[in-house]
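Peer 1: Listed here are the chains, written in short residue letters.
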Amino acid sequence: MDKLMTLWTGSGLFNIEPGQVVMILIGLGLLYLAVRKKFEPLLLVPIGFGGILANIPEAGLALSAAENAIHFAKPQAMAALAGVLDVSYQAGQAVTPEIKEAFKAAYKDASYASISMANAVAQDNGYGNGMLYNFYTVVIGSTIGPLLIFMGVGAMTDFGPLLANPKTLLLGAAAQFGIFGTVLGAALLDWLGILDFTILEAAAIGIIGGADGPTSIYVSSVLAPHLIGAIAVSAYAYMALVPMIQPPIMKALTSQKERAIKMTQLRPVTKKEKIVFPIVVLVAVALFLPDAAPLLGMFCFGNLMRECGVVERLSDTAQNALINIVTIFLGLSVGSKLMADSFLDGQTLGILGLGIVAFAVGTACGVLMAKLMNAFVKEPINPLIGSAGVSAVPMAARVSNKVGLEANPQNFLLMHAMGPNVAGVIGSAVAAGVMIKLLG
Amino acid sequence: MDKLMTLWTGSGLFNIEPGQVVMILIGLGLLYLAVRKKFEPLLLVPIGFGGILANIPEAGLALSAAENAIHFAKPQAMAALAGVLDVSYQAGQAVTPEIKEAFKAAYKDASYASISMANAVAQDNGYGNGMLYNFYTVVIGSTIGPLLIFMGVGAMTDFGPLLANPKTLLLGAAAQFGIFGTVLGAALLDWLGILDFTILEAAAIGIIGGADGPTSIYVSSVLAPHLIGAIAVSAYAYMALVPMIQPPIMKALTSQKERAIKMTQLRPVTKKEKIVFPIVVLVAVALFLPDAAPLLGMFCFGNLMRECGVVERLSDTAQNALINIVTIFLGLSVGSKLMADSFLDGQTLGILGLGIVAFAVGTACGVLMAKLMNAFVKEPINPLIGSAGVSAVPMAARVSNKVGLEANPQNFLLMHAMGPNVAGVIGSAVAAGVMIKLLG
Amino acid sequence: MDKLMTLWTGSGLFNIEPGQVVMILIGLGLLYLAVRKKFEPLLLVPIGFGGILANIPEAGLALSAAENAIHFAKPQAMAALAGVLDVSYQAGQAVTPEIKEAFKAAYKDASYASISMANAVAQDNGYGNGMLYNFYTVVIGSTIGPLLIFMGVGAMTDFGPLLANPKTLLLGAAAQFGIFGTVLGAALLDWLGILDFTILEAAAIGIIGGADGPTSIYVSSVLAPHLIGAIAVSAYAYMALVPMIQPPIMKALTSQKERAIKMTQLRPVTKKEKIVFPIVVLVAVALFLPDAAPLLGMFCFGNLMRECGVVERLSDTAQNALINIVTIFLGLSVGSKLMADSFLDGQTLGILGLGIVAFAVGTACGVLMAKLMNAFVKEPINPLIGSAGVSAVPMAARVSNKVGLEANPQNFLLMHAMGPNVAGVIGSAVAAGVMIKLLG
Amino acid sequence: MNELMSQAIDLMVAGMGFVFAFLIILVFATLLMSKLVLRFGPAEPEPAVPARKSRAKPSAPSPVDPDTAEAIKKAIAQYRSRHKK
Amino acid sequence: MNELMSQAIDLMVAGMGFVFAFLIILVFATLLMSKLVLRFGPAEPEPAVPARKSRAKPSAPSPVDPDTAEAIKKAIAQYRSRHKK
Amino acid sequence: MNELMSQAIDLMVAGMGFVFAFLIILVFATLLMSKLVLRFGPAEPEPAVPARKSRAKPSAPSPVDPDTAEAIKKAIAQYRSRHKK
Ligand code: NA
Ligand code: NA
Ligand code: NA
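Each protein sequence line maps, in turn, to chains E, Y, B, Z, V and L. Every letter in the first sequence is one number past the one before it in my numbering, and letter 90, counting from 1, is 259. Every letter in the second sequence is one number past the one before it in my numbering, and letter 359, counting from 1, is 528. Every letter in the third sequence is one number past the one before it in my numbering, and letter 240, counting from 1, is 409. Every letter in the fourth sequence is one number past the one before it in my numbering, and letter 26, counting from 1, is 32. Every letter in the fifth sequence is one number past the one before it in my numbering, and letter 5, counting from 1, is 11. Every letter in the sixth sequence is one number past the one before it in my numbering, and letter 51, counting from 1, is 57.
Because the hints were derived from the structure by calculation, they are not lab data. None of these values were measured; they are calculated from a predicted model. Check before you lean on any hint, since a few could be wrong.
What the hints assert, rightly or not - Distance windows between CB atoms, simulated: (1) V:F46 x B:G515: 43 to 49 Å; (2) Y:P394 x B:Q259: 47 to 53 Å; (3) E:K269 x B:L369: 51 to 57 Å; (4) Y:L182 x B:K277: 35 to 41 Å; (5) Y:S511 x L:G23: 35 to 41 Å; (6) B:D255 x Y:L194: 39 to 45 Å; (7) E:K277 x Z:L44: 45 to 51 Å; (8) E:P417 x Y:E548: 55 to 61 Å; (9) E:G310 x Y:H240: 56 to 62 Å; (10) E:T306 x Y:P394: 18 to 24 Å; (11) E:E548 x B:R205: 32 to 38 Å.
Claimed, not checked - Simulated pairs of lysine-lysine, DSS-like, Cα-Cα distance not exceeding 25 Å: (12) B:K243 x B:K277; (13) E:K336 x E:K420; (14) E:K431 x E:K547; (15) Y:K277 x Y:K336; (16) Z:K41 x E:K431; (17) Y:K440 x E:K206; (18) B:K206 x E:K440; (19) E:K547 x V:K41; (20) B:K426 x B:K336; (21) E:K336 x E:K431; (22) Y:K440 x E:K207; (23) B:K440 x Y:K206; (24) B:K269 x L:K41; (25) L:K41 x B:K440; (26) B:K440 x Y:K207; (27) E:K336 x V:K41; (28) Z:K41 x Y:K336; (29) Z:K41 x Y:K440; (30) L:K41 x Y:K206; (31) L:K41 x B:K420; (32) Y:K426 x Y:K540; (33) E:K420 x E:K540; (34) Z:K41 x Y:K547; (35) B:K420 x B:K336; (36) Y:K273 x Y:K243; (37) E:K440 x V:K41.
Claimed, not checked - Residues of chain Y clear of chain L, computed beta-carbon distances all greater than 12 Å: (38) I185; (39) T312; (40) E481.
All C-beta atoms, glycine included, are put in the ideal place defined by N, C-alpha and C.
Taking the hints into account, I'd like the entire structure generated from these sequences.
Peer 2: Okay, here's the thing in structure tokens:
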């Protein structure tokens, strides 16, 4: 009877809080979008599922051992933690909600050494790190997860179209206005008193405009880890919405005649150029922006493995087993940050609102840059390929192609748009490096 | 000459203890069963091999750095450890067997923080963690290994037959009597003074009756890590013996007429039901038994990846590369617990004896439950499918089918038995959650 | 303006040191050899790329958090580190180059506990471990990487030819003179005052003569981690050069008549012998040289998985996904040790010079041993297969075959040479065990 | 009866009680779910999809069965001999 | 204008300036690289190699498309029936 | 002769001695093992099993070689044109 009571008072139904209900519904919503609407399912299925797991009451899957100990608040464990975290609490004293809050605050502000000591003490008292907490620490806390994804993406990327027409790199540069414009937007919201952001938070939100999943997760894990859930969800959701967000903007900024411009076929690119290109990028990074070295270094490494032709088995693994394994853990780890207390917040709404602004600004600037370039170059560029500069590979390039076909059924822009599309990946990684350098 | 002496006094032949000889023979025996008799080779090959490695004298592959330092007992290292572990030992004092024992006991009882400090000190003195010790810490100590296996099993499981006939879930419930009956059996042995068990040990032994490898390893790693070797070996060995253990019990409890019952063909199940089912299970877990969330959460996640149809590459990886990698390390890690001093013990014999009781009780209760259900339902259930409720997927279901065919050559029970079979997986994970909640 | 200045003073171009330029060029050279000349590309592509990454100025990818903090030398962080590392430095004091050196020296000599505390303090001050530092710690520092490669190599190795003619094991023994001869060579250089080596360094350099990548990395990570970059590069480069290094030596030591010796066809070997052989090796290791247990244990485990026929999926994973993943990280980790300050050093030149001596001595001793054996056995051995005893699987065996064909176009030595070839792997692992036992 | 015995009995009662309670709830939840899905879901049948059953990866994909392959080879050989490519 | 606003503007100016500077350098470096490679590299053309384009692994290798496969089956059946294997 | 030199010589003597001792033992152990296995093992021959030799994964499964594939395509085209599917 006693034991059944323990089971009941320890059940989810007995302990669930409204915020957790909402977050579980949000997780289910993400799964719905991923499975039915095919919104970037490779990431949103694990993120949505991880979000549900993180909000199961009493399970503490996304909490560290010390946080779990504070949650259950047994006097003996609290007394042991009090010494480590420097909270005034005597063994035997009743644990009021205020005292719990004091412990939580102390844990949040504790140094690395204290946190690790607090977790050891909590383990001595029988608490363990939650599964998702461990995933997050290993995969995102160490920054390794997004970097390995980037390596795999590099191994899947064909720089041929970019090499055939290198000036499309500029389209990838222009589209990064989406990033910095969004930072400005966040600052504006702060100035108007609508929401509060620090510059770190504003920068992390801006990276959504990079339209690149691993870059977003990497930057927010460095600059504002508490926002990583909202930022990643926003980035992947809008990437999935690219076919809806971009076309109206592209059409508004171009004339029918511009959209119908046919581009000359791309020159063939030799294998050797493809092999040397990642090394050129790497050297440029080494000389000009060391802070982009982790992201672009791994990207170039993946691409070199792909193109060099002598390490096919490594390239295959980077594109398949390894990236899949990391994707599973990365998704669950991001999901672990979808906890009610940090997600259900005005900031999240702001992030979702600013995210769509970011995509729109990036799209517009890419298109306008293409029109500007047409004033200088001989062979005209179809401005529709400018929008592909936001990244969102290969969706944005397909959108360029589709809108181009609407204007002129003989107009195949896909390969032309792949150039700015992969340039956008490089561009947003550079922007990420700049932000980490200046703020990190 | 001096050096050759060092090699000789450091050799296995010079140092081997009888217990290690026995354990190496046991390891060879496990390999024999796995390779020749095909006893669950995917686990028993790595477990058997790991068991041999763990018992190589002087190699210390299954010991931590501090344990290795204590084993070699150089005065300088001992003096350094004495401070950390709070053993009274002066630098220069002779290291008697009693002092060594004192060090070992102090290490065993030390807090997490002290253990990590002791290992750092031992590393400063030139000792390292054994390879298998590292595997165990990462794969089982963190509980991640069994959970990933469970995810992969989820990705391999087809819930179709269960969804077509959900009441077979009750057969999976009844078979869990094997678990709790075995706990009672262990208590009985303790009461009779034959063996000593704590309630934690009894519960960990009981989980053998769950007939599910990863669940057994997970529960024993939480409740009684020192028994994990014997429990895992026992669980996998009896799972391999299911075709010998179950049929006599099934035949004894059923009449020829009952065994010949033909069941109506299962209705077709839609893809959508299969997608929603893992989410239903997850929500039920969240509401009623958060302590089963790690196991069943990962299981449902794997199954959702399988069924949702939009993340095939993740599902493939979960079923192949990832589960295979984890299986290798999990097996070696379990093998690391096959060390003479903890395995060669009356408890191990008790565990082996109780394990077969567990399987027998589970089988019997499953069959009896099916007979009981026949008193209430219109369409009769063939009681032979009840025995599949113990889990041991898919062996137990095949046994049901085989015994059914003996009674009636037109009687194909395989798909009908798959329902209780996978229900048994859920049932034992729930039982695991209950035991962890009440005792963990 | 201020921010652009920050970007410029933080750029690679502003900070680059001559040593880093040289090392980046060396990295590019390794990539050239790997991609164009096909020099062991599976390892040299990641090593070369990792070498470039490690030398990107200011990025600190191969440094720990504390090393990064010392590099940037902000007074606040230095003051915090001073306490942990026991360096006399007051907060606010100017950080002169001497003080920086004092910090570096103190960090280098610090105990494990101090290092981990220093890194925690550096993280509190906003510095992180470099990506490559993390890879190195996990993959090589723990010794797990080379062991997993060895497991995969075991799973790819067919011991059939060796089992058909076990006396070729002796050729694999003789070729290990390359290892110990090189140790002697290093001692000679030290005696002549040309270079300084400790016995640990000499032994680590000697292992290059084992002509086996993972063994070289494993031994040098245990005995002389600071030389791992030069040793690994040397080992893989000379393995690639085997077709150029060996033939002149082989021809110089044999007569045309000896080279033309045709060997009788190998007897068929049963599956059962192949299954039992890895266990025989394991037991021999357990009895005679426990210090070789990690290397040979994993090797035998891989081979048992391959041959036993009941764990195909594990064997496949060990040979593909797992070994590929580990190779990527192992290569990058080795590359992280190609930093200017430790690589650009007379020792490296010595290592490169001694490495080729090692290969030459090993080759010669293998051939001479075969000639010696011909004095005792009835069926003559073609001495060309002796050179395959150095390992360098399967290149050395192919060289034996090619030189044999030159002497006698009907003389197919490939399968005969595979015996000593795989024996060389066992032989160098045994030699590694001896060196670790006597010196480690 | 000693303490361990009574603990074990307690555990059995609570445990089996809970296991049954949970799985009975799951039976009803599943029945409800199936009813809802079948009523509101679009009428896509697709029951005949042969689910991958075994835990093991199909070791060889083999898109063409050996018989067929052999027959093809012969057919090709004929074809070539006729066309003198 | 508050401090965050001015920080954001600073960041935008420095960031976009740097992004453009970096990618313009990369444009010229790439053009130079291509020129050097095409001049000094051996004249291996191999432009027609169809690069794998998508990020996704081709889920099924399917070396023979379904139509073809079906046609083959029929051809084989005919062949066999004629040859009475 | 300095200390390092004598250490190196010691290491060589002990090392090579041990390597030879170990591998000689292994020769005899292997011969004994083979003898035992061949005497007591059931007489399953299976020597002709072609062991996978190379360290590398076969990069492309390619169950049908390009020539064949092309020929098939032509055959199919003929077949279809005749049958007007
Ligand atoms: Na972008
Ligand atoms: Na079960
Ligand atoms: Na060797």
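Peer 1: If a hint holds in the structure, say so; if it doesn't, say that too.
Peer 2: Evaluated hints:
no.: 1; hint: V:F46 x B:G515: 43 to 49 Å; verdict: violated (35 Å)
no.: 2; hint: Y:P394 x B:Q259: 47 to 53 Å; verdict: holds (48 Å)
no.: 3; hint: E:K269 x B:L369: 51 to 57 Å; verdict: holds (54 Å)
no.: 4; hint: Y:L182 x B:K277: 35 to 41 Å; verdict: holds (40 Å)
no.: 5; hint: Y:S511 x L:G23: 35 to 41 Å; verdict: holds (37 Å)
no.: 6; hint: B:D255 x Y:L194: 39 to 45 Å; verdict: violated (52 Å)
no.: 7; hint: E:K277 x Z:L44: 45 to 51 Å; verdict: holds (48 Å)
no.: 8; hint: E:P417 x Y:E548: 55 to 61 Å; verdict: holds (58 Å)
no.: 9; hint: E:G310 x Y:H240: 56 to 62 Å; verdict: violated (35 Å)
no.: 10; hint: E:T306 x Y:P394: 18 to 24 Å; verdict: holds (22 Å)
no.: 11; hint: E:E548 x B:R205: 32 to 38 Å; verdict: holds (34 Å)
no.: 12; hint: B:K243 x B:K277; verdict: holds (19 Å)
no.: 13; hint: E:K336 x E:K420; verdict: holds (23 Å)
no.: 14; hint: E:K431 x E:K547; verdict: holds (13 Å)
no.: 15; hint: Y:K277 x Y:K336; verdict: violated (47 Å)
no.: 16; hint: Z:K41 x E:K431; verdict: violated (54 Å)
no.: 17; hint: Y:K440 x E:K206; verdict: holds (16 Å)
no.: 18; hint: B:K206 x E:K440; verdict: holds (16 Å)
no.: 19; hint: E:K547 x V:K41; verdict: holds (20 Å)
no.: 20; hint: B:K426 x B:K336; verdict: holds (22 Å)
no.: 21; hint: E:K336 x E:K431; verdict: holds (17 Å)
no.: 22; hint: Y:K440 x E:K207; verdict: holds (16 Å)
no.: 23; hint: B:K440 x Y:K206; verdict: holds (16 Å)
no.: 24; hint: B:K269 x L:K41; verdict: violated (67 Å)
no.: 25; hint: L:K41 x B:K440; verdict: holds (14 Å)
no.: 26; hint: B:K440 x Y:K207; verdict: holds (16 Å)
no.: 27; hint: E:K336 x V:K41; verdict: holds (15 Å)
no.: 28; hint: Z:K41 x Y:K336; verdict: holds (15 Å)
no.: 29; hint: Z:K41 x Y:K440; verdict: holds (14 Å)
no.: 30; hint: L:K41 x Y:K206; verdict: holds (23 Å)
no.: 31; hint: L:K41 x B:K420; verdict: violated (37 Å)
no.: 32; hint: Y:K426 x Y:K540; verdict: holds (12 Å)
no.: 33; hint: E:K420 x E:K540; verdict: holds (13 Å)
no.: 34; hint: Z:K41 x Y:K547; verdict: holds (20 Å)
no.: 35; hint: B:K420 x B:K336; verdict: holds (23 Å)
no.: 36; hint: Y:K273 x Y:K243; verdict: holds (14 Å)
no.: 37; hint: E:K440 x V:K41; verdict: holds (14 Å)
no.: 38; hint: I185; verdict: holds (16 Å)
no.: 39; hint: T312; verdict: holds (33 Å)
no.: 40; hint: E481; verdict: holds (18 Å)
Violated hints for the displayed structure, listed by number in ascending order: 1, 6, 9, 15, 16, 24 and 31.
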